[in-house]
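So the protein sequences, as listed, match chains A and B.
The first sequence runs 1 to 411 under the working numbering.
The second sequence runs 1 to 411 under the working numbering.
Mixed in with the good hints there might be a few duds.
It does not matter which identical chain is meant; a pair holds if it fits inside one copy or across any two.
[As the list claims (entries may be wrong)] Capping the alpha-carbon separation at 30 Å, the derived lysine-lysine pairs in DSSO-like fashion look like this:
| hint | residue 1 | residue 2 |
| --- | --- | --- |
| 1 | 309 | 378 |
| 2 | 337 | 378 |
| 3 | 128 | 309 |
| 4 | 128 | 378 |
| 5 | 128 | 337 |
I should point out that these hints are in silico values taken from the structure, not numbers from a laboratory.
Predicted model only: the values in this text are computed from it and were never measured.
There are 2 protein chains.
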Amino acid sequence: MAVLSGVSADSFAFSPANALSPANDRELERPTPQTSARLAAWFAAAQPATPHLAVDLHAIAARYRALADALAPAAIHYAVKANPAPAVLTLLAELGARFDVASRGEVELCRGLGISADRLSFGNTIKKRTEVAHAVAAGVSLFAFDSLPELDKLSDLAPGAGVYCRLLTDGAGADWPLSRKFGCTDAMAEDLLIEAHARGFRDLGISFHVGSQQTALAAWDHALDRAAALYDRLAARGVRLALINLGGGFPASYRGPSPDPIGYACAVGAAVDARFGAARPVRLIAEPGRGLVGDAGVIEAEVMLISEKGDGDPRRWVYLDIGKFTGLAETMDEAIKYRIETPHDGGPTGPVILAGPTCDSADVLYEASALELPLALKEGDRIRLLGCGAYTQSYSAVGFNGFAPLACTCL
Amino acid sequence: MAVLSGVSADSFAFSPANALSPANDRELERPTPQTSARLAAWFAAAQPATPHLAVDLHAIAARYRALADALAPAAIHYAVKANPAPAVLTLLAELGARFDVASRGEVELCRGLGISADRLSFGNTIKKRTEVAHAVAAGVSLFAFDSLPELDKLSDLAPGAGVYCRLLTDGAGADWPLSRKFGCTDAMAEDLLIEAHARGFRDLGISFHVGSQQTALAAWDHALDRAAALYDRLAARGVRLALINLGGGFPASYRGPSPDPIGYACAVGAAVDARFGAARPVRLIAEPGRGLVGDAGVIEAEVMLISEKGDGDPRRWVYLDIGKFTGLAETMDEAIKYRIETPHDGGPTGPVILAGPTCDSADVLYEASALELPLALKEGDRIRLLGCGAYTQSYSAVGFNGFAPLACTCL
Numbered sequence: 001m002a003v004l005s006g007v008s009a010d011s012f013a014f015s016p017a018n019a020l021s022p023a024n025d026r027e028l029e030r031p032t033p034q035t036s037a038r039l040a041a042w043f044a045a046a047q048p049a050t051p052h053l054a055v056d057l058h059a060i061a062a063r064y065r066a067l068a069d070a071l072a073p074a075a076i077h078y079a080v081k082a083n084p085a086p087a088v089l090t091l092l093a094e095l096g097a098r099f100d101v102a103s104r105g106e107v108e109l110c111r112g113l114g115i116s117a118d119r120l121s122f123g124n125t126i127k128k129r130t131e132v133a134h135a136v137a138a139g140v141s142l143f144a145f146d147s148l149p150e151l152d153k154l155s156d157l158a159p160g161a162g163v164y165c166r167l168l169t170d171g172a173g174a175d176w177p178l179s180r181k182f183g184c185t186d187a188m189a190e191d192l193l194i195e196a197h198a199r200g201f202r203d204l205g206i207s208f209h210v211g212s213q214q215t216a217l218a219a220w221d222h223a224l225d226r227a228a229a230l231y232d233r234l235a236a237r238g239v240r241l242a243l244i245n246l247g248g249g250f251p252a253s254y255r256g257p258s259p260d261p262i263g264y265a266c267a268v269g270a271a272v273d274a275r276f277g278a279a280r281p282v283r284l285i286a287e288p289g290r291g292l293v294g295d296a297g298v299i300e301a302e303v304m305l306i307s308e309k310g311d312g313d314p315r316r317w318v319y320l321d322i323g324k325f326t327g328l329a330e331t332m333d334e335a336i337k338y339r340i341e342t343p344h345d346g347g348p349t350g351p352v353i354l355a356g357p358t359c360d361s362a363d364v365l366y367e368a369s370a371l372e373l374p375l376a377l378k379e380g381d382r383i384r385l386l387g388c389g390a391y392t393q394s395y396s397a398v399g400f401n402g403f404a405p406l407a408c409t410c411l
Numbered sequence: 001m002a003v004l005s006g007v008s009a010d011s012f013a014f015s016p017a018n019a020l021s022p023a024n025d026r027e028l029e030r031p032t033p034q035t036s037a038r039l040a041a042w043f044a045a046a047q048p049a050t051p052h053l054a055v056d057l058h059a060i061a062a063r064y065r066a067l068a069d070a071l072a073p074a075a076i077h078y079a080v081k082a083n084p085a086p087a088v089l090t091l092l093a094e095l096g097a098r099f100d101v102a103s104r105g106e107v108e109l110c111r112g113l114g115i116s117a118d119r120l121s122f123g124n125t126i127k128k129r130t131e132v133a134h135a136v137a138a139g140v141s142l143f144a145f146d147s148l149p150e151l152d153k154l155s156d157l158a159p160g161a162g163v164y165c166r167l168l169t170d171g172a173g174a175d176w177p178l179s180r181k182f183g184c185t186d187a188m189a190e191d192l193l194i195e196a197h198a199r200g201f202r203d204l205g206i207s208f209h210v211g212s213q214q215t216a217l218a219a220w221d222h223a224l225d226r227a228a229a230l231y232d233r234l235a236a237r238g239v240r241l242a243l244i245n246l247g248g249g250f251p252a253s254y255r256g257p258s259p260d261p262i263g264y265a266c267a268v269g270a271a272v273d274a275r276f277g278a279a280r281p282v283r284l285i286a287e288p289g290r291g292l293v294g295d296a297g298v299i300e301a302e303v304m305l306i307s308e309k310g311d312g313d314p315r316r317w318v319y320l321d322i323g324k325f326t327g328l329a330e331t332m333d334e335a336i337k338y339r340i341e342t343p344h345d346g347g348p349t350g351p352v353i354l355a356g357p358t359c360d361s362a363d364v365l366y367e368a369s370a371l372e373l374p375l376a377l378k379e380g381d382r383i384r385l386l387g388c389g390a391y392t393q394s395y396s397a398v399g400f401n402g403f404a405p406l407a408c409t410c411l
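Model the full structure from these sequences, guided by the hints.
Following this line, the structure appears as structure tokens:
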């Protein structure tokens, strides 16, 4: 616990001494508080119909290099689900990334872009037999599981493959809710890995997930301690753990204090190294998604209406042309709080309730969380939502209320 | 209040004396508790890849006729957002329905199917100026609003149109959450309608929404009393209210007690008639969506995995190949509880947690609400979710986690 104890997400400061990356890209030293110059110039020139997501590939490339350095020797398996845009995948493939896929659809997407199957890990613990068979035929040889029935599937369809067992974690400290949907207890994982060893699987591993948008570094301490203890218990039973999959959880920059992403990753890397260096040699994988692409995306949207209800609530209702069902699904329960830029920033502000354009009453973005926007904001203004590179476009509904899915440009 | 007082949703019994419809379709007398024979035969013959939504157009036609009779003289404006499948819209158009649209996209959809613009009402109180202009050019002449800024838009772009002001309602008793997103107070609506009158709008109206999946009939009493009072207050100020839009809220049949849909509609019709008959003559509109098409849809899905976590929870985890992001968005906060059919119904059951196939922890369908499924349920079984005709396909994500949007067949 010594490595990270006392380091809170809020107080975490970037320390050049920790930086394995050259970090000469100053943007990486602090969460990006505003639209990058590249994206701003593109929006100004293109004036796309709103809502529109623009993704800065240069920012992703810089973040990839810095994260890969910070987390080395862990291999980066980009979580494709975070943003499956072909331009993003192609860029990361060129940079040497590997890919964590969640479904047959994502296997096909990667393979269709020429990414070789040996760079894919199938990270979903829930797979159809037909999906496993398809992945094996495509050449995928590393699979997640968290139960005996899933191991049975893999025994039948992917004998001898690499397998890693996901541990149940509680996600405390993460902004996006982590349910008990994935993983099993440490004791069950231990028995499953003994069984997997007996069945001839190779590269036995474990994985965990500290929770998406995990701003509390201490969460890593706890998970890594469990992983190390499991390594030792398995060793005592004659089974060598060969792989630790650190999962994702690396945060992007939203409203409120956010840790510096690379300093954060360096601290995680050091915490891993302290437990899995020479003492417990393992192959390491990390699966950043949000932490790799989240900060690179900006959505431009239009203010459709600003009104009040006559009900004595002093807050203005501000309605945008993007909402919960057209790209901002992560505002569910106001979990993810996007930073917002307006043409009137710097002027006096007042409280608002922010809502989307559909006729669905649930399509309210922020009501409980105190949001202030400039008093000068008016109908027709274009505003920007920052940190929208992950979990936006692919979440948007096919056509709910007649609204098109979120348009996206990668540049 | 006399009309509905003492009638609870749970105890409401179908009374032939109230039935304006011939009701010789026995299926309409009670919520459909199982897949219709037509859909069962189709699934058996087609064996579609799962998940797949099948919609029974015969059931929609029967429900339309019965609802139109029960609510007469109110005109049925089908809420397109509930299920915008072209086959559904074409069928309803042939049966004489009108349509409530939420966006430019839905105007274009209806017009593209040959539905004339005079059958459309633009029910979204949040519209872009470009959307209003497009709708007016297409021939739409009836618009919702709930604020002065929106009335300003309509003044500029749709002068002399029919307009109705939406009242703020609290949705108590409804299963799907109703926020304060839409509507204004009665006092504000009164002033806005006086203003609309002064500006030369015609067919002045009010609308309200008792809440989607509103099983408590008493909610109608309250809203209708408010509407009648507003009618009188406006009359005293020299403005005649010409239109009452009853909105939707008519329930479909999910788990737990559901009112008989036609008996329910008859009771609503009688409650409306008691207030807006000869005493307060108005044109009436109703906007059923879920209540018209919900019961007509069945999703067939596959059990991908049944497992446990080793954490002492006696509930099995059952993972389906459909989830919150591929069609079952209304399981958000477990609001809508679909009935489930399995091949093992009738056998002994045990508690389960039901979840979807994505790597998203939030993709859990039912955990807090007690759900029991047969102990004999196994991986690979095809199960059916009933009452899925509304708010499913159009909600599904474009490709989250690499899963395709929900496929749909109307027959």
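Status of each hint after checking the structure:
1. 309 with 378: Classified as within; 17 Å inside a copy, 52 Å across copies.
2. 337 with 378: within (21 Å within a copy, 40 Å between copies)
3. 128 with 309: Between copies only: 19 Å across, 50 Å inside.
4. 128 with 378: between (50 Å within a copy, 13 Å between copies)
5. 128 with 337: For residue 128 and residue 337, the Cα distance is within 30 Å only across copies (25 Å; inside one copy 35 Å).
Going down the numbered hints, you'll see the structure goes against none, and every one checks out.
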